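In order, the protein sequences belong to chains B and G.
Under this note's numbering, read the first sequence as residues 1 to 486, first letter to last.
Under this note's numbering, read the second sequence as residues 487 to 735, first letter to last.
Keep in mind that the hints were calculated from the coordinates and are not lab data.
Worth double-checking, as some hints may not be accurate.
To be verified - Ranges of calculated distance between the beta carbons of each label pair, as one might list FRET restraints:
id	chain 1	residue 1	chain 2	residue 2	range
1	G	R625	B	P86	30 to 36 Å
2	G	M592	B	T369	55 to 61 Å
3	G	V663	B	T369	30 to 36 Å
4	B	A277	G	A510	44 to 50 Å
5	B	S238	G	V663	37 to 43 Å
6	B	G373	G	A510	40 to 46 Å
7	G	P664	B	S238	39 to 45 Å
8	G	T541	B	R34	45 to 51 Å
9	G	A595	B	R446	54 to 60 Å
10	G	A510	B	V358	50 to 56 Å
11	G	P664	B	P414	44 to 50 Å
12	G	P664	B	P91	19 to 25 Å
13	B	M239	G	P664	34 to 40 Å
Just so it is clear, the structure is predicted and the values come from calculations on it, not from any experiment.
Beta carbons: idealized from backbone N, C-alpha and C, even for Gly.
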Amino acid sequence: MGVEGADTQAAAALAASPFGAAALEPGVVIDGFRLETRVHQGGMANLWQVNHPDHAQPLLMKVPRLRPGEDPATIVGFEVEQMILPTLTGPHVPHFIARGDFTHQPYIVMERIEGSSLASRADDAPLALDEVTELGARIAAALHDVHRQHVVHLDLKPENVLQRGDGTAVLVDFGLSRHDALPDLLAEEFRQPMGSWPYIAPEQLHFVRSDPRSDLFALGVMLYQFTTGELPFGEPQSMRALRRRLHVQPAPPRALRSDCPPWLQELILKCLEVDPAQRWQGAAHVALALADPRQVPLSARAHRSAAAGWLARLRRRYFALGQGAPTKAPRSARVQATRNPIILAAVDLSEGSSELAVQVREIVRRVVTTEPGARLACVSVLKTGLLSVDDYNDARGANRQVLQLAALKHWARPISKGLNLDEGRLTFHVLESTDPAAALIEFAQRNGVDQIVMGARGHSTLRRYLGSVSSQVVAQAPCTVTVVRI
Amino acid sequence: MRIALLSDIHANREAFEAVLLHAADQRVQRWVLLGDYIGYGADPSWVVERVRRMTAEGAIAVKGNHDEAVVRGSRPSMRLDARHSIEWTRGHLDAAQLEFLASLPMTHADNDGPSLYVHANAWDPAKWAYVETRHDAVRSLHATAARYTFCGHMHDPMLYHLSGTGKAGEFKPEPAVPIPVPPHRQWLAIPGSVGQPRDNNPAACYAVFDRTQAELVFHRVAYDHETAAAKVRMAGLPQDLADRLNEGT
Numbered sequence: 001m002g003v004e005g006a007d008t009q010a011a012a013a014l015a016a017s018p019f020g021a022a023a024l025e026p027g028v029v030i031d032g033f034r035l036e037t038r039v040h041q042g043g044m045a046n047l048w049q050v051n052h053p054d055h056a057q058p059l060l061m062k063v064p065r066l067r068p069g070e071d072p073a074t075i076v077g078f079e080v081e082q083m084i085l086p087t088l089t090g091p092h093v094p095h096f097i098a099r100g101d102f103t104h105q106p107y108i109v110m111e112r113i114e115g116s117s118l119a120s121r122a123d124d125a126p127l128a129l130d131e132v133t134e135l136g137a138r139i140a141a142a143l144h145d146v147h148r149q150h151v152v153h154l155d156l157k158p159e160n161v162l163q164r165g166d167g168t169a170v171l172v173d174f175g176l177s178r179h180d181a182l183p184d185l186l187a188e189e190f191r192q193p194m195g196s197w198p199y200i201a202p203e204q205l206h207f208v209r210s211d212p213r214s215d216l217f218a219l220g221v222m223l224y225q226f227t228t229g230e231l232p233f234g235e236p237q238s239m240r241a242l243r244r245r246l247h248v249q250p251a252p253p254r255a256l257r258s259d260c261p262p263w264l265q266e267l268i269l270k271c272l273e274v275d276p277a278q279r280w281q282g283a284a285h286v287a288l289a290l291a292d293p294r295q296v297p298l299s300a301r302a303h304r305s306a307a308a309g310w311l312a313r314l315r316r317r318y319f320a321l322g323q324g325a326p327t328k329a330p331r332s333a334r335v336q337a338t339r340n341p342i343i344l345a346a347v348d349l350s351e352g353s354s355e356l357a358v359q360v361r362e363i364v365r366r367v368v369t370t371e372p373g374a375r376l377a378c379v380s381v382l383k384t385g386l387l388s389v390d391d392y393n394d395a396r397g398a399n400r401q402v403l404q405l406a407a408l409k410h411w412a413r414p415i416s417k418g419l420n421l422d423e424g425r426l427t428f429h430v431l432e433s434t435d436p437a438a439a440l441i442e443f444a445q446r447n448g449v450d451q452i453v454m455g456a457r458g459h460s461t462l463r464r465y466l467g468s469v470s471s472q473v474v475a476q477a478p479c480t481v482t483v484v485r486i
Numbered sequence: 487m488r489i490a491l492l493s494d495i496h497a498n499r500e501a502f503e504a505v506l507l508h509a510a511d512q513r514v515q516r517w518v519l520l521g522d523y524i525g526y527g528a529d530p531s532w533v534v535e536r537v538r539r540m541t542a543e544g545a546i547a548v549k550g551n552h553d554e555a556v557v558r559g560s561r562p563s564m565r566l567d568a569r570h571s572i573e574w575t576r577g578h579l580d581a582a583q584l585e586f587l588a589s590l591p592m593t594h595a596d597n598d599g600p601s602l603y604v605h606a607n608a609w610d611p612a613k614w615a616y617v618e619t620r621h622d623a624v625r626s627l628h629a630t631a632a633r634y635t636f637c638g639h640m641h642d643p644m645l646y647h648l649s650g651t652g653k654a655g656e657f658k659p660e661p662a663v664p665i666p667v668p669p670h671r672q673w674l675a676i677p678g679s680v681g682q683p684r685d686n687n688p689a690a691c692y693a694v695f696d697r698t699q700a701e702l703v704f705h706r707v708a709y710d711h712e713t714a715a716a717k718v719r720m721a722g723l724p725q726d727l728a729d730r731l732n733e734g735t
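Produce the entire structure from the sequences given, and follow the hints as far as they go.
Here it is as structure tokens:
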């Protein structure tokens, strides 16, 4: 891709524009944005801190490097980001402010995120297991949010994950991303797999650009790296080395780090499956698993102790070969993100609510039956007193937990037996809180729950004194809420 | 500047009216009609009258192959149902209406964009070859300096683009999603048929191009296709022309 490969129109337009790439320097004003300092000089783009009279905070301006002979990836990738970033909202992406087109001076102005990227955490790996879990959950939450907005990132790596002050993960650099309702400008452009090679998913080697589970593979690579300090497939320098991931299984994390718990190995290796259908099916599922590791169903992956034997390699390779000609197009990001919904059954097991609990179970059964990919999280809240750190004892508290969990499982028995929910599609959670509604809302938020099913008591003294838990959840939960009455 | 792009109305009054109403809600400032106002449907006179009034008020309208055929009369090379409906249509238009259709230009070049409006393609508009593939789209884009080409003839909505590196892409648009179409690429957009959609969705197609924002939105508008189909039957036109309106085929 030499000179003739560069976007000649854009380059010509640029040469004629009042701002050449070289003309950008502190003090220059573009469309009202005043350049202050160059904060980063990258291979594809330069980043400037800029100010604008309408914005109190400094902003970030991204300007592509455009010179004759520049790799067209730079230009098309920049176009793609200009197209996709404005469609994204929420805390997990930088807020989009403005863009300038290629006929004048191309740029994107966005919110400046103060925190540093996770690249430094990758440098410090192996990290404490608690931090690995926390980072994983935050990235998974960000991915789920972006997938729900129709976008697959496709270049997920530590450098592209920033953190807000409160730890919220922010995904940046959408230059290789795909929006499932917009034209894919990159689809026809290149003949080399696009992405950062250590993190790229096997299907991306076959130019599949629409499967959100590709991002879960990259998440698996990052978690592997955070846990062990190593990259599961190394740093490939050639296509041949890059293709190794199609048929070679990575060394199990526990072989590199003995205190890596089996559940974490299971979680990571499930992300790294060559066949997307064998991976976690959604980022929200990974977040849910990381929030409650005890619920991760352990398969043979959890106990693998050495690199795979010849049979597994053969199997991986066999699948990889089949990948050459995908028989049906993978689902779009949004469809995949909503296709496997997480249903939260909020169960009140206190005395006097058994009839309602039965009815809630019946409604939950119907919901789960109609959604073959659904996951069911059964949640019950143990209400603690306001002065709850009752030293009057931990043992008793723990006991209440265990009993509540048992009661919850018993409640769900007709569902679990009847529906044959496999591989962790059914999980149980006992929360402790002084405020049951707030606890349910927070759980739903953190775990990307799609629908809450809960009962509402008709008329009770309790309701009169405490207010209605269900009405608070209906008002504040971030998802659909079904209220069951008898 | 927000421009509504309507094509292949095919004498379907119900679909045309529904699209005009929908587009008015989109704060459209200019109307572009991409040809084939008649043929197949049961309301040629009403549709041509409306198109004539719109052009008098500043709308741009180009000629389609059905419009040409009805002026000239049918030829034996045409498909049987097309031939039949053209003869029937001729019988329902007066001399002034035929004269109006005859007077329509093959293309219209708009400096704003710059854009090219044409019924079939840019390389030889009068031969009515279809833009059916990416290859055809590139051929058409190479034949014009316009950044934006809008054409009809094909009834399914489609968007093609060509980069400065000569790489072409194609995209099947989703309804109501604004698509950025920056002018450093060349774009060829087919809004889809107002009056005879064929992608198994009976809703009428059209598009709105926002020149200022360089954004294009493809729309689908539900309309009373049962009435339109009933009129086709009542008129004694071929049964399958009625059925396909209800099926969107």
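Hints violated by the structure (numbers, ascending): Violated hints: none at all, because every hint is consistent with the structure.
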